[in-house]
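Chains A and B are the protein sequences, given in the same order. Residue numbers for the first sequence follow our numbering, so the first one is 35 and each next one is one higher. Residue numbers for the second sequence follow our numbering, so the first one is 13 and each next one is one higher.
What the hints contain is simulated information worked out from the structure, not anything from laboratory work. From a predicted model like this one, the values you see are computed outputs, not experimental measurements. Some hints here could point you the wrong way.
To be verified - Quick list of in silico lysine-lysine cross-link-like pairs, DSS-like style, CA-CA up to 30 Å:
#: 1; chain 1: B; residue 1: Lys130; chain 2: A; residue 2: Lys145
#: 2; chain 1: B; residue 1: Lys18; chain 2: A; residue 2: Lys145
#: 3; chain 1: B; residue 1: Lys282; chain 2: B; residue 2: Lys210
#: 4; chain 1: B; residue 1: Lys210; chain 2: B; residue 2: Lys179
#: 5; chain 1: B; residue 1: Lys179; chain 2: B; residue 2: Lys282
#: 6; chain 1: B; residue 1: Lys54; chain 2: A; residue 2: Lys145
#: 7; chain 1: B; residue 1: Lys148; chain 2: B; residue 2: Lys130
#: 8; chain 1: B; residue 1: Lys18; chain 2: B; residue 2: Lys530
#: 9; chain 1: B; residue 1: Lys18; chain 2: B; residue 2: Lys528
Unchecked claim - Interface residues of chain B toward chain A, partial, derived using beta-carbon atoms under 8 Å:
#: 10; residue: Phe51
#: 11; residue: Glu319
#: 12; residue: Leu322
#: 13; residue: Thr360
#: 14; residue: Leu365
#: 15; residue: Ala427
#: 16; residue: Leu477
#: 17; residue: Leu485
#: 18; residue: Met486
#: 19; residue: Ser491
#: 20; residue: Leu501
Stated by the list, open to error - Interface residues of chain B toward chain A, partial, derived using beta-carbon atoms under 10 Å:
#: 21; residue: Met388
#: 22; residue: Thr432
#: 23; residue: Arg452
#: 24; residue: Arg467
#: 25; residue: Thr471
#: 26; residue: Ile472
#: 27; residue: Phe484
#: 28; residue: Ile506
In this text, a Cβ means the ideal position worked out from N, Cα and C, and glycines have one as well.
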Amino acid sequence: MLRPLITIRHIPSIDFMGLHKLGFVLSAVLTIGSIVLFLTQGLNFGIDFAGGTLIEARTQGPAHLAEMRSTLDGLGLGAVSLQGFGSPDEVLIRVARQPGGDQAQMDAVAKVQHALGSGVDYRRTEVVGPEVGGELIRAGILATVLALFAIAAYVSLRFNWQFGIGAMLSTLHDTITTVGLFSLLQIEFNLTTLAAILTIAGYSVNDTVVIYDRVRETSRKYKTMDFRTLINKSLNETLSRTILTVSTVALAVLALFFFGGEVLRGFSIAMLWGIIVGTYSSLFIAAPILYYVQPRRSSRAKKEDTQAETQGAS
Amino acid sequence: MLYFPKWLVALILGICALGVVFTIPNLFSTQTVDRWPNFLPKKQVSLGLDLRGGSYLLYQVDMRSVITERLNDVVDGLRSEFRTAKIGYVGLGASNDAIHFTLREPDRMEEVRTLVRKVDPDLDMTTGADGAVSLKFNAVALNNVQRQIVDQSIEIVRRRIDETGTKEPSIQREGEDRIVLELPGVENPEFVKRILGKTAKMTFQLVDENASVGPGGHPPPGDEALPLKDGHSPPGATIVVQRRVLVSGETLTDAQATFDQYGAPAVNFKFNAEGARRFGDATKNNVGKRFAIVLDNAVISAPVIREPILGGQGIITGSFTTESANELALELRAGALPAPLVPLEERTVGPGLGADSIHAGALACIIGVILVVVFMTVFYGLFGLFANVALFFNLCLMMASLTVLGATLTLPGIAGIALTLGMAVDANVLIYERIREEVRGGRSLISSLQAGFERAFGTIFDSHLTTLVAGFLMFFLGSGPVKGFAVTLSIGVITSLFSAILVTRLQIVSWLRRTKPKAIPI
Numbered sequence: 035m036l037r038p039l040i041t042i043r044h045i046p047s048i049d050f051m052g053l054h055k056l057g058f059v060l061s062a063v064l065t066i067g068s069i070v071l072f073l074t075q076g077l078n079f080g081i082d083f084a085g086g087t088l089i090e091a092r093t094q095g096p097a098h099l100a101e102m103r104s105t106l107d108g109l110g111l112g113a114v115s116l117q118g119f120g121s122p123d124e125v126l127i128r129v130a131r132q133p134g135g136d137q138a139q140m141d142a143v144a145k146v147q148h149a150l151g152s153g154v155d156y157r158r159t160e161v162v163g164p165e166v167g168g169e170l171i172r173a174g175i176l177a178t179v180l181a182l183f184a185i186a187a188y189v190s191l192r193f194n195w196q197f198g199i200g201a202m203l204s205t206l207h208d209t210i211t212t213v214g215l216f217s218l219l220q221i222e223f224n225l226t227t228l229a230a231i232l233t234i235a236g237y238s239v240n241d242t243v244v245i246y247d248r249v250r251e252t253s254r255k256y257k258t259m260d261f262r263t264l265i266n267k268s269l270n271e272t273l274s275r276t277i278l279t280v281s282t283v284a285l286a287v288l289a290l291f292f293f294g295g296e297v298l299r300g301f302s303i304a305m306l307w308g309i310i311v312g313t314y315s316s317l318f319i320a321a322p323i324l325y326y327v328q329p330r331r332s333s334r335a336k337k338e339d340t341q342a343e344t345q346g347a348s
Numbered sequence: 013m014l015y016f017p018k019w020l021v022a023l024i025l026g027i028c029a030l031g032v033v034f035t036i037p038n039l040f041s042t043q044t045v046d047r048w049p050n051f052l053p054k055k056q057v058s059l060g061l062d063l064r065g066g067s068y069l070l071y072q073v074d075m076r077s078v079i080t081e082r083l084n085d086v087v088d089g090l091r092s093e094f095r096t097a098k099i100g101y102v103g104l105g106a107s108n109d110a111i112h113f114t115l116r117e118p119d120r121m122e123e124v125r126t127l128v129r130k131v132d133p134d135l136d137m138t139t140g141a142d143g144a145v146s147l148k149f150n151a152v153a154l155n156n157v158q159r160q161i162v163d164q165s166i167e168i169v170r171r172r173i174d175e176t177g178t179k180e181p182s183i184q185r186e187g188e189d190r191i192v193l194e195l196p197g198v199e200n201p202e203f204v205k206r207i208l209g210k211t212a213k214m215t216f217q218l219v220d221e222n223a224s225v226g227p228g229g230h231p232p233p234g235d236e237a238l239p240l241k242d243g244h245s246p247p248g249a250t251i252v253v254q255r256r257v258l259v260s261g262e263t264l265t266d267a268q269a270t271f272d273q274y275g276a277p278a279v280n281f282k283f284n285a286e287g288a289r290r291f292g293d294a295t296k297n298n299v300g301k302r303f304a305i306v307l308d309n310a311v312i313s314a315p316v317i318r319e320p321i322l323g324g325q326g327i328i329t330g331s332f333t334t335e336s337a338n339e340l341a342l343e344l345r346a347g348a349l350p351a352p353l354v355p356l357e358e359r360t361v362g363p364g365l366g367a368d369s370i371h372a373g374a375l376a377c378i379i380g381v382i383l384v385v386v387f388m389t390v391f392y393g394l395f396g397l398f399a400n401v402a403l404f405f406n407l408c409l410m411m412a413s414l415t416v417l418g419a420t421l422t423l424p425g426i427a428g429i430a431l432t433l434g435m436a437v438d439a440n441v442l443i444y445e446r447i448r449e450e451v452r453g454g455r456s457l458i459s460s461l462q463a464g465f466e467r468a469f470g471t472i473f474d475s476h477l478t479t480l481v482a483g484f485l486m487f488f489l490g491s492g493p494v495k496g497f498a499v500t501l502s503i504g505v506i507t508s509l510f511s512a513i514l515v516t517r518l519q520i521v522s523w524l525r526r527t528k529p530k531a532i533p534i
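Full structure from sequences and hints, please.
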């Protein structure tokens, strides 16, 4: 019979509640830092949101960025940015939005292609108008806010409103710090990043719900146990699950990060950060918050409990 | 919990088998699949433009110009009505979305109201002090007009795109007044953009030989001054033509690029019976005069009528190149766009990048699967293998669902698949950890298994549903890449519920029956 090579048999007894104040301080610093970064440094919006023109080109042999940059700067197209993209022969060219209509943008593309001459393979060309970018930003913010509320509503419905608040705050923390990371590192923020943020919200709650489920169950089983012990017990009992699940998701995301190609890199970075911070926030924010809002132990729970007991006994 | 009725076993195995069967065509090239006999499933998942290469174009239907045009017609109509009724007014003109004027005799307001209704019943009229009047289209009428214009535009765009021979184009309305074009395999959308860049409204009008308009001057009533772009005149030249339309482009049945008698590119056109009769009458009555061929508010040719043209056919010569003659012929054949299209967004992906993205995405998925499989085996042994088998079927079910539902797989969609692989085993982890706990708590083997599945189910359901919530929001509010991601993520969450719970349980139960173990190997 195939037995597991590694088994976590021992239930740890970490005093999470003893650490929670440290966690609150750390999270406050991270959150405020993220907001400050966002307000001062802003985000490096990709053309999805900022509008403008993007050209991905592949040169024959390694690209000479400096040479290409000086050629393109001479075209009078305003801000032109070049960056290597994955392999040495690939270049990402971004041209700021040209004054005038669509024709002006297309002329800019033609100018760039003409200036770089033949022998360059244009792998991708994107032109996005400012209107569309603004709409996408609004839709993105709306989706994120709605996701937060939907999650809070769902958790409140399945548990109590106290749990709902805990889930929403920890999810909010995760989304804000992810945006902060993107502002700090100035990684391009585009539509796929937005998808990553929404997924992080979903994942973070997923993790929180598992812990909350256990807190509820434990609170029904031990009706007189104080909340501090209760939360510690629940977190320790679910810790092996938490670690194993984070690991499998992290493995999948790492595979994406290393092998998924340049286009998905921003997505993978966001996800990697998100699952780490999402797990952290379930342990050190979502659960300790319950200690402060102290959900009522409902009388309905008693009935279910006795039912469960009899079922278990039979 | 541990009892599986026969029908349920059959159902689970059946679904898994279907998953595999509908996944298989995706592993082969389209050409190979085409040669398969017909009883085999052949449908492959449709790839997004970012994976197969092609162009995505987003246009806005410019309603403003349609409204301005219609308001101008109303102004003309009112002017002549007022003239006949001898009603005095000042400052009659259209600006933005309204018409303003002031009556000299404010007590004739009711009379004016009747005339306005006669000219255009869709107008709302507001009156101010001293006989000031403003007219606006009412919201319902505007809405109807918009819907109609966008529908017509989509139809015309489709016809024009069909003329270019693009395979499998997708042309759809987005929002209220936008049109999305997806053109697989189109690497350079220049030509498509050119032929959608003009409305190609063509009319035939008489030239008013007696009038000429200097800079800043106004043409006489009933006339209009239009730019003359016939290829011989200096730039900026204008020509005065009568506003009355002799024949309009809607009566054309065919147009072809051709060459005139001097070998210059030209466009040959044919009227339908109605158009032919009207064109015949008009040319018969105006021999010796010039008629103007007006295209998109510019005169492209103004030939002299030498004899009545009765055959319902004609030729337009002017400043054509072979290319522009071809384009105009195509546009005339497909019909005029009711409103100009303004490009908002354009994305083109070459086939090279698409193929690279598929490879990278597939590689990431395969490596992700291997890592997760190894991990689960290391930590759960035999039960880990059960989870891996469930993971395999989950992957097949995802691909099969995408294929059968006709969903589009995009690069972010592939990321969604990779991510779901990591998340799918979460359900297994929850169940197994629970079983371990129950074993630790001193329960018997069967009872631990039972309690593990039972108790973990609620947790799994809740935690999966929250991910689904995020997925649905992304689908309904997101655009393009976000949507593609949301689809695979949501499908993955649902299929993983099935595979992690039912497929895993079935394996464990049959293992129990087969080996009758004394202890659980986890």
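**Request:** Run the structure past the numbered hints and jot down the numbers of the failing ones, going up.
**Result:** 1, 2, 6, 10, 11, 12, 28
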